Every structure is written in C-alpha cells, then in structure tokens.
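So the chains spell out like this:
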Amino acid sequence: MLHALHDRIGWISPGGVNYAGERLGVAPADVYGVATFYAFFSTTPRAARVVEVCDDIACLCAGAAELCKTLEATAGPPGVTSANGATWLRSPCLGLCDRAPAAMTRQAGTAPSFGRIAPASAALVTAALAGETPHDDGPPQIGGSPLRLLRRVGRIDPTDLDAYRGDGGYEGLRAALEMGPQGVIAEITASNLLGRGGAAFPTGRKMDAVARAPVRPHYLVCNADESEPGTFKDRVLMECDPFAIVEAMTISAYAVGSERGFIYVRGEYPLAAERLSGAIAAARAAGLLGNDVMGAGVRFDIEIRRGAGAYICGEETALFNSIEGKRGEPRNKPPFPVEAGLFGKPTVVNNVETLANLPWILRDGGAAFAKIGTPGSTGTRLFCLSGAIERPGVYEVPHGTTLGALVAMAGGMPANRRLQGMLLGGAAGTMGGSELLEMPLTFEDARAAGATLGSGVVMLYDESVDLTAILRRIARFFRDESCGQCVPCRVGTVRQEEALERLSHDDAGGRRTLDLTLLDEIGAAMRDASICGLGQTAANAIDSARKRLGCFAESPS
Amino acid sequence: MIELTIDGEAVSVTEGSTILDACKSVGTDTPTLCYLESLTPVNACRVCVVELEGSRVLVPACARRAEAGMAVRTDTERVRHSRKMVLEFLGSSVDLSTAPDAQRYCAEYGADSNRYGDERATVAQPVKVDNALYVRDYAKCILCYKCVEACGADAQNTFAIAVAGRGFDAHIATEFDVPLPDSACVYCGNCIGVCPTGALMFSSEHDLRERGEWDEGRQTRTDTICSYCGVGCTLTLHVQDNSIVKVTSPIENEVTRGHLCIKGRFGYTYVQNRPEE
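First to last, the sequence lines map onto chains A and B. Under the numbering used here, residues 1 to 557 are what the first sequence spells out, in order. Under the numbering used here, residues 1 to 277 are what the second sequence spells out, in order.
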C-alpha cells in the first residue's frame, strides 16, 4: 500500500497516509509510524526521480566519497530537488559491490521504473538525474568449479520456464513429491545443510519442527532481504535463476505443510523482484504453483513483498513484522519462528542461498550433498568478492577451500598492491589480516579462528585504503540501521560512532584512553543486552580491527 | 509450579510467571523502566536483563517466561555492566530530571553519563504545549513504548500516537506530528499515567514545576470514587495547598488498572469552584 503511494508520486502525503489508514483499518498515527521507519519512503515532498548513490564500504574503496563530493558541487546537496525535478541521496550498500561505485535510479509515476548505474561516475549520475535511462552492463562475474548453485547463471534465460526445465529444473520437486513430506525432510537432514543466512542453523531440523507444529496454518518465508554490506550473492541467484528459488520454496512448503509462502525482496533489488514475479506467474500458469501443484493435489502459492530500505528487516522476526505491515522491529525470542512466526503461526524462514540448495539435494540425495565439503560444513558456498581484487564477483566453492585459494581464483589482488586487511562475513563480521588466508572456509574453521563466514563477504583492502574510514562507515551504518527499539543498540551505536569519530581525529581532548575504554564497554553492552543480532554484532568489525589489525593502537598522525 | 533458581536460591513460581516475578518473589531487586504490570511487556529498555545459564546473551527478566530448571543470575559483572551502560546511555541522551526511579538506578549502578563528551547527541527539544490539559516534553522521553501501548490496544484503543522514525531519531508522534487537538487524542490521560519519566505531565504539574512551586512533600493523596458515571473508578486526588494538582488511579485497582477517562482524569475543576477572592 505504502509502496503504491510512493511509486505514484515519489513521497507519502498526509492525504495518502489517511487514505491508507482508512482502507486498511489502521490509525493514521500507526501508518505514519510505519512510513517513517523505512528509508525509501519520504513523508515530505520529494522529487519523483531519485538517484541513490552508494557510499558504503565497497563503494568507499572505489571512490564513492569523491563521487558524492563532485555531485554536491554540481547537482547540489543530497535530497534537494534540482531544476530538472530530480534529486540524489546517499545510500547504504546496493549489493552491486562487484561493480563499485554503484548507484540506482527510481522514477515514480504511473509507470514507475528503476535502473542501475554500476560502475557509476559523476557524468553518468548527472545524466540519470537529467532523465536518461541508465544502461545496465552485462551478466555478473561468476566463478568456481564445478558450479551447482550458479550453474545456470548467465547461461540460461532467467525469464524462460522451458529453458529452466530443460536444464534439470523441477526434477527436485518431482523427486520430492514422490518421496513425501517426511522423505524430503529426511533427505535434507541427511544432507546436513546449514543455513546460509549467517546463523548456520540446521535446515532439516527447522523444517522438521514446523512440519510437526500442531498449530495451523504453517507459513513459509524466503528471506531475500540481503542487506549485509558487501553481499550480492542472493541478488545474482534471484536475477539469474529465479525459477530455482520458486522451485525450492515449493519443495520446502510441501515438506512443512505450508500453502502460502512469502518472499521478502529488499527494496534495492527491483530487478530481482521483477524476475521473481515473472517466474511465479510462469510457474502458476504451468501448474507448478496454485491449487494443484504438478497434479499431485498439493496447494501452494507465493507472494512477493518488497522491502523499503531497512537492513533490520533481514532479521527474521523484523521481517515478519514488515510483511504484516508493521514497523520492522525485531521481536523478542522465544518464541521462535517455528512456534510463532509470521502472523503468530509456525513459520519456516530460509535464506535464498539455503533454499537454492534444495532442488539439488532432492534430485541427487542428501548423502551425495553431504560428501561435498567437510563433515561439519557440507555442500558448496557462495562468496562475494569485492574491494582490492582483480575480478570481483560471486564465486562458488566447496566448503573447505582455503580463503587464499578463493582469492587466487578471483585473480588475486591487482598488481603492485599489498593487502592491508580484509572484512569477512559483512559489516557484522570480522576484520582480519593475511593470517586468515590459510583458513579453510568452513563454519568450524571460521569459529576456531574467531571469525565468521556470515553472508559470504570477502572484501579486501589494499594499503591505499584508510581503514579507520571503513570502520567509521560501518559504525554509521549500524547507527542508521538500528531500528531504535532497544536502548543498548539505539544509543550504543550512536555512542560507538561518536567515540570512533573522536579517535580518528585529533587527540587534543586527551580522551584517547577513555574513548578506547568506552568502545570496549559499549561493545560489551550491545553484544549482551540488545534484542537482536544487529545490536549484538554492531561492534564486531571495530573490535576485530582493533585486535587483529591494530587499528587505533597508535594515535592518528 | 515451576522450579528454578535465582542466584543459587531455589524458587517456585506459578506457570506463566516471568523471571521478574520469580525475582520479586525472593526479594531480588530488579530495575525496570519500560515494564508495567498492566501493559504487554515490550522489553525495550533492557535495564532488567539477567544472565541465564545456557543463553549466549542476557535475557530480559520482564518478558522471559520462567521455565523449569532455569538457573538465573542477577548479580554478575555482565549483568551489572549492561544495566549500568543502559542507564548511562539514557542519562547521556535524555533529561532524567523528573524520573526518580531512573535517577535511583543510575546512582545504584554508578552510571556516569558525562563520560560521553560534550558533543554527544541527545534528544533535547522544546516542550510541546498544544492543549490545556497536558504537556509533552520529549526531551525526557526514553522511548519505553508505554504511552503508545496505553493509547492503543492495552487500554484506550484510540491509537492517536505511535513510534515514528528509526534508530536514534525514533520518537513518539501523532501522524505527521500534528498537534494533539488535530489528532485522534481523546485526552484520557492514560499516557501520562504510565509515563515513567515525566515526559508526559499534567499542565497543572508542569506549571507548578516551572514556577518552582511543585512540592510532593506538601501534597496529600485522597482516594475517592469518580462521580461521573456508573463504572465507579477509584480516583486518587493529589492535593497541594488545598487545590487538586493531579488525578491518578491505583494500578492495583480492579476496575481501572490505573487507567481513567477524560472526565475522571481532568474533570475535577468543579469541586474547587471557589468564589473569587
């Protein structure tokens, strides 16, 4: 509803809020509360054409700060409408880190449209502000061998259901329907597939818990709110192999006894939403979704929900609230989603990449899947390489490959550059140095090394990068993205950023020792007392950069 | 009954009790700010966190149901640290001058809000005075959600206010921040009744405080029954210098649970219609 209002005129007016409230039976104050939660929505008049310029960590390494400075000089400050009826805004990660710096255009109107500019330049952004349709360059860089999850990417037309079926598509669902719901769960449990969203929970166990839950209905949710800075693997899967996600959701729904599924696609991924929408429609027309899936008497359908610029909505319970039309504030756990999730009902929620493994497991068997990788970390894994790397992109490797081998696969660092540090797993992940290159990429090795694979981010920084600027950007990211519900995160992320700012500049106040102590104490409180994972991990990168890379060990020169 | 331990001491509580209930039953003092027995716990302030064996992070005592075999610790360094930091975070960003509970906790946990520098962000802003009955001073708001709950499904079902914005900019607002007279507000004053920090305050109290004349030591409290309708709500009249300065209702009262309507809360001026001197 708010999306519809915003898409039409580019902002949400008082009349729009009242109308939405009336139609939905919700008080205007609540509608306003929801509208002001999401970064995409403006409740003050805003230009119909907006260019979002990413200044997050990957783009920062690729000159985003200079790009924004140029734009401020030529197109005016962000948010101010120019003579040609357009404006630009700074944005958190757009998931285009392999082609940094990135920008995205959104045009409101009777036929709302979008486009992306990657890599972006001041000239291209200026042209987009003037109304030129940006062109999108080519398929993503992918690598790895043999490819499973990325097998069809760039090879098969993502809008063609026949091409998908001709390439082994829907064999997984066919096998699933033959073995029955319990058989499906048994195969997935045997595969030892662990969730790829960051928490590494066993997928089979989660599905089993929902399948057994006595309360009905059961819901299925695909978490496609890939917002971790530096991550773009789910975007590539959804844009280039959308039918695989639709098939995987159908398999999972069949196993847990769900007739209604939702896929929550982050607002920054309009092309992914468009491709998925097309895939869902094609599958429905072919009898692969709907009241009688594959003629097997199974009922299942999928609805797409678009995010609106909120990192926190990747947290599963915040995502439920967002689907329910509320502010995307996380809920306290327990109860866990398998007992009381979406609309208070048992819900299985999986990340896109996790789901993408299902058709393969069902077709080739859980035992075959468990043979790939290591016993503790089965299957292959997608990694998003960006920053100072020769060929940035998405790479698929079996678990157990060393980080160094992965980096080598992407061509290593550009000539004459030396590694200063790297970020693993995203803004909520770990900063480290070259010692991590020896690490086999598995859940257990990462844990042992005190690191995390998180969402598969591998971002390299050469010696030209100001790491403290990266850390400050991460701190600002958490401050901007905190939902504001709990005190440790709402105020802690602010105090953390303020302390980092002071530490990065002159030391005249003599606060250095105090500020370092504050960082430790703030981090501990956020980690221990925050409601959800956002606050609990908001100090990780800063903490690890200090411990492993010696950031702020000496006073700035 | 459910058996658990609080700081090593065995406790048994009824099914459905929270860890906070269990703590209270053995006299373990637990600070709370966003909790109120008449409202749904939102566990947003996190000042009541305790350590639970087997849990990676601390858990909110106010919302977490007691389970058999739980081993809870309330006196550890981790617990004290998180509580202290929460209080420092609030003290460094919010005006707690009319929040006696928060002040008491700050002293107890040694919270020093001045550590965060003079340039720190705060929620300081002008007082909102847009009606005759009560004022809203959001510089004193800790965002405990209680007023939103009392205005909404937990008591009044009016939904005039909600949390708007996000992160540090989150705040309580009517739609588009319109003044209260333009909103759905019915002036029941239940938001004032639940506010733990004095951010929402009777105009009578606000004006006396502004003049430096507010003095709870000189006030009496008298319980009576509201004279307006047949429900029979208990009113507590707060009287200073022979004038009613505030009307509340006891939270343990079975009829009101602490909530009133505009007549009971504000319709008292007729009893002190005194001839002009």
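Treat the hints as calculated values from the structure; they're not laboratory data. Among the hints, a few may not be true.
To be verified - Reference excerpt, derived from the structure (chain A facing chain B, CB under 10 Å, subset only): (1) Pro14; (2) Thr36; (3) Arg152; (4) Val153; (5) Ile156.
Said to hold, decoys possible - A short list of chain A residues far from chain B (calculated; beta carbon distances all over 10 Å): (6) Ala27; (7) Ala73; (8) Thr133; (9) Asp136; (10) Gly183; (11) Thr189; (12) Asp480; (13) Gly492; (14) Arg511; (15) Ala524; (16) Arg527.
Keep in mind it's a predicted model, so treat the numbers as computed, not measured. A virtual CB, placed ideally from N, CA and C, is assigned to each residue, including glycine.
Over 10 Å from every CB of chain B: does A/Ala524 meet that, or does the non-interface label fail?
violated, 6 Å
Against chain B, does A/Gly492 hold up as non-interface, every C-beta pair farther apart than 10 Å?
Incorrect as stated: the minimum Cβ-Cβ distance to chain B is 6 Å, not above 10 Å.
No chain B beta carbon within 10 Å of A/Arg511's:
With a cut-off of 10 Å, A/Arg511 comes too close to chain B, as the shortest Cβ separation is near 7 Å.
Taking the closest Cβ pair, is A/Pro14 under 10 Å from chain B?
Holds. Min distance 5 Å.
Would you say A/Thr189 is clear of chain B, with no C-beta pair closer than or equal to 10 Å?
holds, 24 Å
Is the Cβ of A/Arg527 more than 10 Å away from each Cβ in chain B?
violated, 7 Å
Verify this label for me: A/Ala73 is non-interface relative to chain B, using a Cβ-Cβ cutoff of 10 Å.
Given a closest Cβ separation of 27 Å, the condition holds.
Supplied contact hint for A/Thr36, tested at 10 Å Cβ to chain B:
Holds, about 4 Å.
Was the hint right that A/Arg152 lines chain B, CB cutoff 10 Å?
Hint violated; A/Arg152 Cβ to chain B Cβ min 38 Å, cut 10 Å.
Mind checking the CB of A/Ile156 against every CB in chain B and telling me if the closest is under 10 Å?
violated, 40 Å
Is the claim that A/Thr133 lies outside the interface with chain B correct, judged by CB distances over 10 Å?
holds, 31 Å
Confirm or reject: A/Asp136 is not an interface residue toward chain B, with every Cβ-Cβ distance exceeding 10 Å.
Its Cβ never comes within 10 Å of chain B, the nearest being 30 Å, so this holds.
Hints 3, 4, 5, 6, 12, 13, 14, 15, 16 from the list above are not met by this structure, while the remaining hints are.
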